[in-house]
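The sequence shown runs 33 to 1168 under our numbering.
A hint or two may mislead.
Now the in silico label distances, taken between C-beta atoms and shown as ranges [said to hold, decoys possible]:
no., residue 1, residue 2, range
1, Glu717, Ser612, 24 to 32 Å
2, Asp763, Asp1014, 48 to 56 Å
3, Lys745, Lys974, 54 to 62 Å
4, Arg777, Ser637, 32 to 40 Å
5, Gln1029, Thr1068, 16 to 24 Å
6, Glu717, Glu606, 45 to 53 Å
7, Val857, Glu717, 58 to 66 Å
8, Lys283, Ala312, 21 to 29 Å
9, Val216, Ala105, 42 to 50 Å
These are computed hints drawn from the structure, not numbers from a lab.
Yeah, the Cβ is synthetic: ideal placement off N, Cα and C, and Gly gets one too.
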Amino acid sequence: MNNIITTMRNEFWSDLERSIRAEKEQNRANGFDQFMLIPCFNLLASRNRTQANEDLLKRFDFKNVKKDPNLAARCIDVIETDLKIRYLPNISPMLFAEIYVMQIVHSQNDDDLSEKVLEFLFSKKEFMTVETWVKLWTTPDLKYIDVICNLYKCHFEKWSQFVERLQTTGALKNERVRERLLDVFREKNFQDSVVQSNENFINFISFMLSKKDIIWQNWEHMLQILEHYIDKTDMIYNSSTLTAIFDVLWKHCSEIVKRMANAASERLLNRLTTEESSLALWLQLFKYELNEEKKESLKDSLSKSLYDWIDNKMVREDMDSTQQLVLLLLYPEFWSLLKEYKDLFLAKIKKQRKVILLSSKRWSEKTLKSMKELLEKEFIDMELLDEIFEVIVDVPVQVDSNVNNNAIEEKKENKDEKRKDDKQEMSKKEESKLRSLISHLDYCFLCMPWLPLIQYGATKVKKLEQLQDFMKITLNKLFAMVDDKSIAFYVCEFLEHDNNKNNIKVICTSLPGWGNSNIVQDKVNALSTILTEFKEFIHLKQLYTMVSTQFMDSEDISEQLQKFSHFFDNRDLESFPKASHTYQNEQNMFRKLKSKMQHLEQMNSGNAFKNIWIQYRKEMKEREKLTFEVSMDELYKNVNKKWRELEQVVRDKSLSREELRWLEGCDLHFELRLLFPNQTQQYIESMAKSINEYREKITQLEKMIEPWTELKKATDIVKKYHTSNKKIENDKSWNNFVTSLEDGRKALKNEKISIQVLSQHYDTCINYFGKETLECAELFYLIIKNEEKVIKELATSENFANKEHFANTMETLDNCKEGQFEELVNALRTVNGKIHEHIWDANIQKTSQVAKEILSIYKNNEHFTTKFKQCCDVDLNRISFLVEKAGRLQAVQSFNLLIKAIKDGQWHFVGCDQVLQVNSIVIDNSTEKEQREEWLVLHIDKEKLNCDQVEQAIDHVLLGFSKEKKLKEITKLIEKFGVCKDIQTLRVAFWRKGGRQVIEKLQLEVKEPLSEFKKLQSEWQKKLKEWRDECVKLRTEYPILNYFTFNEIHRLCEKLNDIVSCRQKHREILCSKFILPFLQRIDPSLSNVLPFVEKWRFEVVEKNKALTQFGTVFSDIWVNSKKHCDTQLHTSPMWT
33 MNNIITTMRN EFWSDLERSI RAEKEQNRAN GFDQFMLIPC FNLLASRNRT
83 QANEDLLKRF DFKNVKKDPN LAARCIDVIE TDLKIRYLPN ISPMLFAEIY
133 VMQIVHSQND DDLSEKVLEF LFSKKEFMTV ETWVKLWTTP DLKYIDVICN
183 LYKCHFEKWS QFVERLQTTG ALKNERVRER LLDVFREKNF QDSVVQSNEN
233 FINFISFMLS KKDIIWQNWE HMLQILEHYI DKTDMIYNSS TLTAIFDVLW
283 KHCSEIVKRM ANAASERLLN RLTTEESSLA LWLQLFKYEL NEEKKESLKD
333 SLSKSLYDWI DNKMVREDMD STQQLVLLLL YPEFWSLLKE YKDLFLAKIK
383 KQRKVILLSS KRWSEKTLKS MKELLEKEFI DMELLDEIFE VIVDVPVQVD
433 SNVNNNAIEE KKENKDEKRK DDKQEMSKKE ESKLRSLISH LDYCFLCMPW
483 LPLIQYGATK VKKLEQLQDF MKITLNKLFA MVDDKSIAFY VCEFLEHDNN
533 KNNIKVICTS LPGWGNSNIV QDKVNALSTI LTEFKEFIHL KQLYTMVSTQ
583 FMDSEDISEQ LQKFSHFFDN RDLESFPKAS HTYQNEQNMF RKLKSKMQHL
633 EQMNSGNAFK NIWIQYRKEM KEREKLTFEV SMDELYKNVN KKWRELEQVV
683 RDKSLSREEL RWLEGCDLHF ELRLLFPNQT QQYIESMAKS INEYREKITQ
733 LEKMIEPWTE LKKATDIVKK YHTSNKKIEN DKSWNNFVTS LEDGRKALKN
783 EKISIQVLSQ HYDTCINYFG KETLECAELF YLIIKNEEKV IKELATSENF
833 ANKEHFANTM ETLDNCKEGQ FEELVNALRT VNGKIHEHIW DANIQKTSQV
883 AKEILSIYKN NEHFTTKFKQ CCDVDLNRIS FLVEKAGRLQ AVQSFNLLIK
933 AIKDGQWHFV GCDQVLQVNS IVIDNSTEKE QREEWLVLHI DKEKLNCDQV
983 EQAIDHVLLG FSKEKKLKEI TKLIEKFGVC KDIQTLRVAF WRKGGRQVIE
1033 KLQLEVKEPL SEFKKLQSEW QKKLKEWRDE CVKLRTEYPI LNYFTFNEIH
1083 RLCEKLNDIV SCRQKHREIL CSKFILPFLQ RIDPSLSNVL PFVEKWRFEV
1133 VEKNKALTQF GTVFSDIWVN SKKHCDTQLH TSPMWT
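Start from the sequences and build out the full structure, keeping to the hints where you can.
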């Protein structure tokens, strides 16, 4: 029976497993069908644990469940079945239907479904144990908590019922369950929904207080939740919500968390003071009622908040302190503060008053407008407002409110008494008085934005009334000075600055009782007249000072005018009206000269006009005594006339060098703007550019005139000694250059000539010979100075003029042991060579061509001038004499040596090894040139001459005995020398092409007949031809040879001989190193050549048998390679 049951269970398990694992979707249980399998899985898996593997569990997926009106009942049936099965004996469930049903419920988003399922779970107390609830709450990554939140949202009555039922199950005694429930209230979506309405927030506070012991269990947890709503959310408080949270902090919280509650309260208050929209609520809290026990603590907290507001909103540099203060005062709640808080506020702002003082210049128009609005409010406490204004308005002096216009009369009555005071004491008092007046006037001007507020509030606020009186007293003092003509320069200067004169008018018009007063208006007009006269007086004085100091000397100034100047040194305390009367004559004179002085003022910033003034002044002073009046009349007239003339010549572009000097050392653009004040900037720029170009060309002409002159002289000298001198004509270019050069030289001496003419001379010269002429000046000088010593000698002396003789001269100086000739040789070789190349040997037909060739020599030879100077430092005539003497001796010595060679000499030819040392594969011409001179050597006793030395000896004899019979004695030697060089060339070609039949050195006696030399020459010609034919034959018979030169094959044969002579164990590595790389030319895939090498038999390399054996042994490689089709490509003669 047990077997039958076991078999049935196994079958059922297999069916279950197939339903879960089926590959085809139509055969696989999905969605709710899988959920229905949970009871079966728990029943069967408990009896068949080995088969209930993790892979099968992972295949359960309850997400894709379709909508069904009976879904709640079906879910409940599955859960109930699963709960009952799990209570059977020996059941160890692995899936829990009450947990996974939450995935289905969450995906459906159906509150009715959620509520029915939860209701069922709460009803099954016999199955839903504490452990079951704990597992339901604490299983990670499931949707139970989301289902609860979506179902109850902010319905806190339902939350209360839910918590109570959950408490009944005993689940809330579990710390993990309680923490998960707390997480719900910490979740952001929940918090956001709480603050969506004030009602939600208040209900949540009530819910927290009612369930504190069940859910939070202590006040610390409660306050942690509240932290978010205090300063971590954008919640907008109103009176109800603020009271609710303040009640929690101050009425409900336990003493145990007093510090924590106070900290939370402080953060809340700080937030309210930070947000301008919450200031009214903040001020309401100052009337919050609390029991006596906590009242003092709340007062401290609110007082601190009030202080913090002042510090943060009024004291900080980045805040508009005054605007913040007025905004606070505009709240009715501020005026209903308890007296103790008002007193605290006043005491605090008194300490920080510097940021709100009227004199702090922080009171904007906007803030004062707000203050005026405040005065219109009925809720304000005028007593408190007066005290606030006492802090703000800092009038410089204590003002008596009984002020009227009689203050002016008081000033007049005391006038006589003041005159009697000691003069020095009076001066100090006057200075103090004036400075005090200006300080008070300055404060009045500072109060101008307050005038609308004074007009409206002077009758309401005592301090504003005092401010009004202060301004009236200050202005009356000023008007009194105008009336009695005692107003000082110091005061006038102050009023002329910063629109202060107009400020007086504005204040007088705006002050209550003054706006429509004719008396006040007359006083303002009188002051305005005085200030107008003062302005003119000061301007005339400034013009005079500028003219007298910048355009005249002190001796030109009369005693009265000097007295006038000295008066201004200590004028500050002096009465302006009196000074104006004293110097009335001077003012009249200055008024007549005003336009002239203004013109001089404009010209003062430039230099050109002043330069003309200085010169004309100097000329006039030599004729007569100058005074200020004469200078401003006759002198000014003459200078201004010259200035206008200068304007005209600049406009006409006919400026002379003399007139150009007026503009030297000046900012040309600025001077032209003074000269042409009505012209456009574009015109000024164009004119300045033109003058600068002329100026630069004249400067360059002055600099280039001498180098061009020396170029002309040097050209004439070089042309003079040219062999075709008479055929070289003065062409048009040269004539134009010379003419312009001479005209330019003359023009530079004439100050009256136009700069345009000078510029044209420069353009003509520079067009033919550029600025490089200046660099060649030293060379021209040396040519001119050393005409006879160098140029004539180089042109006429055979030792320098004749190329062959010059070569002999250089060789003679090279062989000279004296150190003085070492540098000279290099210099002479360069100088003479370049002069021959560019001038003596060139086809020159025009004089301008001679000049250009001289410049070309310098340009293309960096150190030519230095080397030419070296030639100038020696006597070339003497050098020529010494060379001729030394050349004759050298010719005799060479002749005797060659005669000795004919008798006893022997030609030595090098062997194959020495030739191939240069390069056996590729001929390196530079290396071969160094070595081949030693391939053929003439031995004469112990003396040895290489090819080059033999040729030199022959050249010496030919040059030294060109017209003598002795040359016949060495003619045959010269002919044999030529045959020897040909023989050596044939030998070298034979060996380089791989020939090895003859490899030894060769020696020939010089005295052997010429026929022997030619016979040997013919033999080597024959050997070379036969070897070439043999090469073609071998390459045709053995195509593999086409991949190598024969010299390469010879070396490979040598290596093969060495390898087969070695022990067997070393052969493979030697083959891979020395043989394989060459053979891979034929077959790149070749990796082992030892089998081929084993066939090699030692063979003398020099014989053709070695070449034949190489072709035989290695031909199979070529035959087997893919390259044998390309044979014709490698039969080219280039390999031979």
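How the hints compare with the structure:
| no. | hint | in the structure |
| --- | --- | --- |
| 1 | Glu717 / Ser612: 24 to 32 Å | violated (46 Å) |
| 2 | Asp763 / Asp1014: 48 to 56 Å | holds (53 Å) |
| 3 | Lys745 / Lys974: 54 to 62 Å | holds (58 Å) |
| 4 | Arg777 / Ser637: 32 to 40 Å | holds (39 Å) |
| 5 | Gln1029 / Thr1068: 16 to 24 Å | holds (20 Å) |
| 6 | Glu717 / Glu606: 45 to 53 Å | holds (49 Å) |
| 7 | Val857 / Glu717: 58 to 66 Å | holds (59 Å) |
| 8 | Lys283 / Ala312: 21 to 29 Å | holds (22 Å) |
| 9 | Val216 / Ala105: 42 to 50 Å | violated (28 Å) |
Violation of the numbered hints given earlier is confined to hints 1, 9; the remaining hints are satisfied by the structure.
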